[in-house]
Amino acid sequence: EDQVTQSPEALRLQEGESSSLNCSYTVSGLRGLFWYRQDPGKGPEFLFTLYSAGEEKEKERLKATLTKKESFLHITAPKPEDSATYLCAVQVRGSTLGRLYFGRGTQLTVWP
Amino acid sequence: GAGVSQSPSNKVTEKGKDVELRCDPISGHTALYWYRQRLGQGLEFLIYFQGNSAPDKSGLPSDRFSAERTGESVSTLTIQRTQQEDSAVYLCASTLFGGVDNEQFFGPGTRLTVL
Numbered sequence: 018e019d020q021v022t023q024s025p026e027a028l029r030l031q032e033g034e035s036s037s038l039n040c041s042y043t044v045s046g047l048r049g050l051f052w053y054r055q056d057p058g059k060g061p062e063f064l065f066t067l068y069s070a071g072e073e074k075e076k077e078r079l080k081a082t083l084t085k086k087e088s089f090l091h092i093t094a095p096k097p098e099d100s101a102t103y104l105c106a107v108q109v110r111g112s113t114l115g116r117l118y119f120g121r122g123t124q125l126t127v128w129p
Numbered sequence: 057g058a059g060v061s062q063s064p065s066n067k068v069t070e071k072g073k074d075v076e077l078r079c080d081p082i083s084g085h086t087a088l089y090w091y092r093q094r095l096g097q098g099l100e101f102l103i104y105f106q107g108n109s110a111p112d113k114s115g116l117p118s119d120r121f122s123a124e125r126t127g128e129s130v131s132t133l134t135i136q137r138t139q140q141e142d143s144a145v146y147l148c149a150s151t152l153f154g155g156v157d158n159e160q161f162f163g164p165g166t167r168l169t170v171l
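These protein sequence lines map, in sequence, to chains R and F. In terms of my numbering, the first sequence opens at residue 18 and continues consecutively. In terms of my numbering, the second sequence opens at residue 57 and continues consecutively.
In short, the hints are calculated from the structure, not lab data. As the structure is a prediction and not an experimental result, all values here were calculated from the model. Treat the hints with caution; some may be incorrect.
[Claimed, not checked] DSS-like cross-link-like pairs, simulated, lysine-lysine; straight-line CA separation at most 30 Å:
| # | chain 1 | residue 1 | chain 2 | residue 2 |
| --- | --- | --- | --- | --- |
| 1 | F | Lys73 | F | Lys113 |
| 2 | F | Lys113 | F | Lys71 |
| 3 | F | Lys71 | R | Lys59 |
| 4 | R | Lys76 | R | Lys86 |
| 5 | R | Lys74 | R | Lys85 |
| 6 | R | Lys86 | F | Lys71 |
| 7 | R | Lys59 | R | Lys80 |
| 8 | R | Lys59 | R | Lys74 |
| 9 | R | Lys76 | R | Lys59 |
| 10 | F | Lys113 | R | Lys59 |
| 11 | R | Lys59 | F | Lys67 |
| 12 | R | Lys76 | R | Lys96 |
| 13 | R | Lys59 | F | Lys73 |
| 14 | R | Lys96 | R | Lys74 |
[Said to hold, decoys possible] Which bits of chain R does chain F cover? Going by a derived footprint, with three or more residues having C-beta under 8 Å, they are:
| # | stretch |
| --- | --- |
| 15 | 51 to 59 |
| 16 | 118 to 128 |
In this text, a Cβ means the ideal position worked out from N, Cα and C, and glycines have one as well.
With the rest of the complex left out, here is chain F:
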């Protein structure tokens, strides 16, 4: 497929468990972003990768959240000791800077529910 993919599409977990969310960006896109969308809220920026480096992690809500990117491709967002307030849709986007529109291409998201 040519688009951004994310897995799993849905994740239900118990409070206190760790979860891993995966993002496969569009091939060749060097920039990758994670956003969180809570019910009734706008998308919130979490972290930005350029290549495998994360120059901006300022949106990560707490030290329970971490992310990595390997091979300038796949990225994983890990949430440790999940809390109910972590329930949200987690969206990944990728882009290749220099285009006319400079648009980000979003994946379908992972809906996380913490019981």
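With the rest of the complex left out, here is chain R:
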């Protein structure tokens, strides 16, 4: 069974304290791995897509990396406005085109 597991469930950081969020996946064939950000009361907002092991993408203070078993979302010198729930999702080869399988998310709180 395809699975996506995110850790930790919740993370509290002081402003400027860098850290990483983890997403491990067990799928029959990875088509793509996606990171989304979700603010309370809103829909997920797209951040990154990674397709192959070794791939890295950056956006402002965020950097996503991918290995054959997991992905990391590195947050460098976070600010309070980075507080949100970060969702990881995968698309699986042989599955319905575009269907996303989500983890439960990591709730990040950055305090000043």
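Dock chain F against the given chain R, drawing on the hints supplied.
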């Protein structure tokens, strides 16, 4: 607006009533998905539309759930005889395949509360 919109934003209903949730995707997006987000759970896939057809309905939890899409645009998710376990946020997403990132664009969701 350029984004995905959903209505209503909140719906409170009594157990046993029927509800309809609406999704307006981004214009031109041929693929549309419905997901459900229950408290403390990850988003669960419900149904996928390509155009007006639904080639994958496998995520619909029971025959009380149905969905349709018309004009390759608006989609409606209907829940009949609602139960308390149907309480969740229902999210709609649309995409146009072929982009570099292949991302899905999500609406703000409809929060359904069944009393």
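Status of the hints after comparison with the structure:
no.: 1; hint: F:Lys73 with F:Lys113; result: 22 Å, holds
no.: 2; hint: F:Lys113 with F:Lys71; result: 24 Å, holds
no.: 3; hint: F:Lys71 with R:Lys59; result: 26 Å, holds
no.: 4; hint: R:Lys76 with R:Lys86; result: 22 Å, holds
no.: 5; hint: R:Lys74 with R:Lys85; result: 16 Å, holds
no.: 6; hint: R:Lys86 with F:Lys71; result: 43 Å, violated
no.: 7; hint: R:Lys59 with R:Lys80; result: 23 Å, holds
no.: 8; hint: R:Lys59 with R:Lys74; result: 24 Å, holds
no.: 9; hint: R:Lys76 with R:Lys59; result: 21 Å, holds
no.: 10; hint: F:Lys113 with R:Lys59; result: 25 Å, holds
no.: 11; hint: R:Lys59 with F:Lys67; result: 15 Å, holds
no.: 12; hint: R:Lys76 with R:Lys96; result: 14 Å, holds
no.: 13; hint: R:Lys59 with F:Lys73; result: 26 Å, holds
no.: 14; hint: R:Lys96 with R:Lys74; result: 20 Å, holds
no.: 15; hint: 51 to 59; result: holds (count 4)
no.: 16; hint: 118 to 128; result: holds (count 5)
When held up to the earlier numbered hints, the structure conflicts with hint 6 and nothing else.
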